[in-house]
Amino acid sequence: MLSAYIPIAIFVVVATGFALFTLVFSSLLHPEKYNKVKLEPYECGIEPMTDARDRYSIRYYLVAMLFVIFDVETVFMFPWAVIFNKLLLFGLIEMLVFIFILLVGYYYAWQKGALEWV
Amino acid sequence: MPPGISTSDFYYILPELVLTGGALLVLIADVLLPRGSKALAWVTLLAIGATIASLVPFGSTHVEVAHGLLAVDQFALFFKIVFLGAAALTVLMSVRYLEIEGASPGEYYFLILCATLGMMIMAGGIDLLTIFIGLETMAVSFYILAGFIKPNQRSNEAAVKYFLLGAFSLGILLYGMSIMYGLSGTTNLRTMATAFVGQERDPRLVLAVILVVAGLGFKIAAVPFHMWAPDVYEGAPTPVTAFLSVGSKAASFAMLLRIFLEGLPSMSADWRLMFEVLAIVTMTIGNLAALTQTNIKRMLAYSSIAHAGYILIGVVAGTPRGVAAMLIYLLIYAFMQLGAFTIIIIMRRQDVVGDELKDFSGLHIRHPFAAFAMLLFMLSLGGIPPTAGFMGKFWLFGAAIDAGYVRLAVIGVLNSAISLYYYIRLVVFMYLKPQGAGSPVTTSPSLGIALAVAVIGTIFLGVYPRLLFDLAEMSARTLGVAAVTAAIR
Amino acid sequence: MLLLIPLLPFVGFLLNASFGRRISKAAAGAIACGSMLASFGVSTIAVWRLVGLPPESRALAQTVLRWITSGDFDVSFTLRVDPLSALMILVVTGIGSLIHIYSTAYMHEERDSEYARYFSYLNLFAAFMLVLVLGSNFLVMFVGWEGVGLCSYLLIGFWYQKESAADAGKKAFIVNRIGDFGFILGMLLAFVRFGTLDFQEIARSVAALRPETTFGTLSALTLLLFVGATGKSAQIPLHVWLPDAMEGPTPVSALIHAATMVTAGVYMIGRNAVLFGHAPHTLTIVAIIGTATALMAGTIGLVQNDIKRVLAYSTVSQLGYMFLAMGVGAYTAGIFHLFTHAFFKALLFLGSGAVIHALAGEQDLRRMGGLKRELPITYWTFFTGALAIAGVPLLAGFFSKDEILYRTFAGGHLWLWTVGLLTSLLTATYMFRVVFLAFHGERAGEHPAPSTEHPAPSTQRHLHDAPPAMALALIVLAAGSVLAGYVGVPRAVGGSNRIEQFLAPSFGEVRLKPDATNDARAALLQPGQERQEEAASATEGLERGLMGVSSAIALGGIGIAWFFFLKKKRAADEMAVRFAGVHRVLANKYYVDEMYEAAVVQPIRIASDEGLWNGVDVRVIDGAVNGVGGLVGGSSSALRRIQTGSVRLYAVSVMLGVVVILGYYVWR
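First to last, the protein sequences are chains E, Z and C. Heads up, the first sequence is in the working numbering, so the first residue is 1 and it goes up one at a time. Heads up, the second sequence is in the working numbering, so the first residue is 119 and it goes up one at a time. Heads up, the third sequence is in the working numbering, so the first residue is 608 and it goes up one at a time.
Just so you know, these hints were derived from the structure itself, not from any lab. Cβ atoms here follow ideal geometry from the backbone N, Cα and C, with glycine treated the same way. One should not assume that every hint holds.
To be verified - Derived DSBU-like pairs: lysine-lysine, alpha-carbon spacing no greater than 30 Å straight-line: (1) C/K769 / C/K1196; (2) C/K777 / Z/K551; (3) Z/K268 / E/K112; (4) C/K769 / Z/K551.
Stated by the list, open to error - Quick list of simulated restraints, FRET-style, between CB atoms: (5) C/G648 / Z/R595: 48 to 54 Å; (6) Z/D320 / E/W80: 37 to 43 Å; (7) Z/G289 / E/K38: 39 to 45 Å; (8) C/A634 / Z/P152: 48 to 54 Å; (9) E/S57 / Z/E318: 55 to 61 Å.
Please build the complete structure, drawing on both the sequences and the hints.
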């Protein structure tokens, strides 16, 4: 019973070990030369303009949340697609219902103006 | 069709499906109807009505759905009726309140329906997963509802407090549940019950029981897990408070009964002891704290805590009779508590908040019927015959004595004697004080209906409780109570 | 038909409560009195039909609805008239009607809406009282029991502008909570023990048992019920609320706090005579408490200066008598006294009301005097009532009180009898003190104290006697005070004691034939039949002798009052000075209120105010809430404050709960 978990245990050990190894090893090897540009937060290669702790428009949260919600639905769709052959028509209807409910929410959010970027 | 699921399963969850459809319909109607239309409330009521109608075919059904995820039995049915009734009353009392508070009904009704859906799943769930999903559906809806009056700081505060503490308690509950799963290898309560036989002394299981008791204790607002309740009850919009104190509480009790009586009957010695202590502490602290409150919502919050203590007596008894008494009490409690909150909402006018004790001064002159109705609810909450509240208490205490817990009954009676003091104090304010200030007290048609239903329920169940008793006993018998009784003897 | 009896006053209540504000006083009064009189009519018919039945089967019942049925448990909302409740409904509706009529005049200075409110409460009270006495089981009785309590609080606090009235209502309420606590527990215990709440069925199951010689379930359950009775009927130690209840309008005092509601405790014991009869320990306690209350209240009554308070203590004292009777198993005598007492005590209260009415709210005996000439009707009726309560021969109180004393003596309770006799002396003295101070001599003060009871133009020189409506009630009750005793003239003086024969079936004395094996105690419990069995002549001689003694005592008491309060008024003051200590104790009612204040009220107040309310709620919870609610800044700072503030504390509380339970399991 427990032996089934051995690969997982090995995986955990290897993963942590690798992370630790790289961190420790690189800190031992790298030269310590700091300058202003190097110490700045990394922002996709673009120079930071203001402090990171700033007010965001509430819209940002709205859009972000909507994005998460509609993005996560694909997570449900992957396993569904994998066993679609077994689920057949039942699976198709189930997924359509699921998407329909999401669509209602989407429609509601749209009509309420949640998607309008100011 | 995948194995384990059949078309008939969908037939059995018809009420839940109807309610989901209704909720979606409300959401769409909100967009389509002109802004501020009162028709939305009626669409909501229609959805609730349709759900109640769809319960009809399941009057005597007793099946497990989808490999034991949900049970469709009379126990669940009883609770579903309580939830739907409470939701309908809440909708009725919300119309004018939202208008006065200047809140757009928008998601409000949708969330009420979602919360109701969650409750229904909680009552039917016989699997930790379904119960948990139901619980979350309900809880998340309530977090939002509690903060629905956005410009009101107290409402915001209530929502955040409820959310933070709710999440915290949920963590505790989930921890307990996960241990239960880990020890039994199943999430199904009925399978779990057999797996736990003979493991009564396993400390890990005891830990799980303690954690689940704590998590549920939070939901039903039992002392010492109650501290969120007064703040949230006071801050949340009044109809939400009403629904929270009735629906959420009833659903949590349903879930509690399912988990302990169906899933952990072998541990009954332990959880009985815990609930007994909780019941005593909860009743006593709740009543004593309520004694000196001057805000009616806060007073009712403490009173609601105390009532959770009374209802816990039924769990301690653990007999079919005890469970029946709980069901009876929860339904009766729904009527009187919702009625009392309806009056508070009636007192809410443009110029008066109306939830302070002094606002009720001389109400019998300003609005005799409202005063009489409130008198009735207070007497009922205090357990004075011939109101329904007395019947409920009588049955609970009777069940306790019947199961050999005479001390619980004694403490219960003592507590209800104490509690009468603060209930009657409100009556004194209404009948024996000069008139309070503010514009005239009026009712709207929907408030009138809600009030009438609550009054009739409070009187009718007090005068003619037979029907309810029969129903409750029938429902209680479908729960796995027999197992507990067997394990004890 | 029985349902109509409580239903009619209830309809009166509904009418006055709904439309009272919109109709005239005459109409409101007519509705209230009409519904009471109609109820009286129906009661009379019911009793008439009852009397037509053979004595063994005298009971009419009507099941209004089957209330609770569940498995083995079955409680119906059943009303039942048997001889005992027949007597009670006649008292409640009859005297109730008179008091309603009296009130139409007495309350006439109130505003229209207040007037209707008063009558609606009064009618509601009557309805509940009738449910109480008609109920065939504990549950129905309890409905009435709580209902009359509620009406009582509402009526005590009727003049809510008066601080003292509101306090008195509160006090009555709290004290009665303790009583109700006992009553409910007794009821639950009875249910557990017998599986039913029906009086007849309980009596039937109890009759099969032997009396409980050790302290067992029956003793516990009857004792709990008795706790309920002490609350309702103002017996030691729960007597403190009744004198304060005099803050209510005087007719209310007459109806609720003299004639009907306060006798509910006595009635309840009478109703369960067989049950109590099987718990001799409880009966002993009942007798002792009753006697002690009678004596204590009697002594306090002697020194009170408020006319209504004297009457209130007198009521407490007379109720003590009734409990004494119940305690020695003389149920008939107790109920007989309840019956006669209703007449003369209602009369005395209404008479005092007429005095107060005439003097525009004056209640202090020291400022009265010489009212005999100005208020003849009031004087003569009040005088009759005083004679009756003092136990002067041939009046109502004589027969009933004498019956109690005789039964006590015959039962061998020599001490209780002595104390009872002493109380009888006190009764005559304090009653005639009132008569002499109020109606004889000269009026002392000319400046009535301001009172809300009658804020009418006060300093009118010419006093008016009772208006017709009040006079009618006074005269009818005076007639009753004279005649009511003749239903129970003892055999010893040539009567046939019809009331005893009438009531006997209600106490289970007909069915229970004397048993040769019964020990003395059992015989003691059934003095009624014991008496019948024994040779009559010897006991009759004894009874006549005792009658003589109590007559002499009554006259002696009146004589004392005459000497101290009319002949030599200074003597009374001298006595008060010489026994200053005793006088102070009596005037302060044995400091019972103060003791309660120190022992109970203060600790609770401190616990509730300081400990719970301030400690937990205000400081912890509200402190946090106010801190947040007071912040005018943006909600983000408010939220931060919440997160670091109380929410953490709440979470700690949850965690602590878990830890405590865990700790229990770890350490046990």
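Quick rundown of the hints versus the structure:
no.: 1; hint: C/K769 / C/K1196; result: holds (23 Å)
no.: 2; hint: C/K777 / Z/K551; result: holds (14 Å)
no.: 3; hint: Z/K268 / E/K112; result: holds (17 Å)
no.: 4; hint: C/K769 / Z/K551; result: holds (11 Å)
no.: 5; hint: C/G648 / Z/R595: 48 to 54 Å; result: holds (50 Å)
no.: 6; hint: Z/D320 / E/W80: 37 to 43 Å; result: holds (39 Å)
no.: 7; hint: Z/G289 / E/K38: 39 to 45 Å; result: holds (40 Å)
no.: 8; hint: C/A634 / Z/P152: 48 to 54 Å; result: holds (50 Å)
no.: 9; hint: E/S57 / Z/E318: 55 to 61 Å; result: holds (57 Å)
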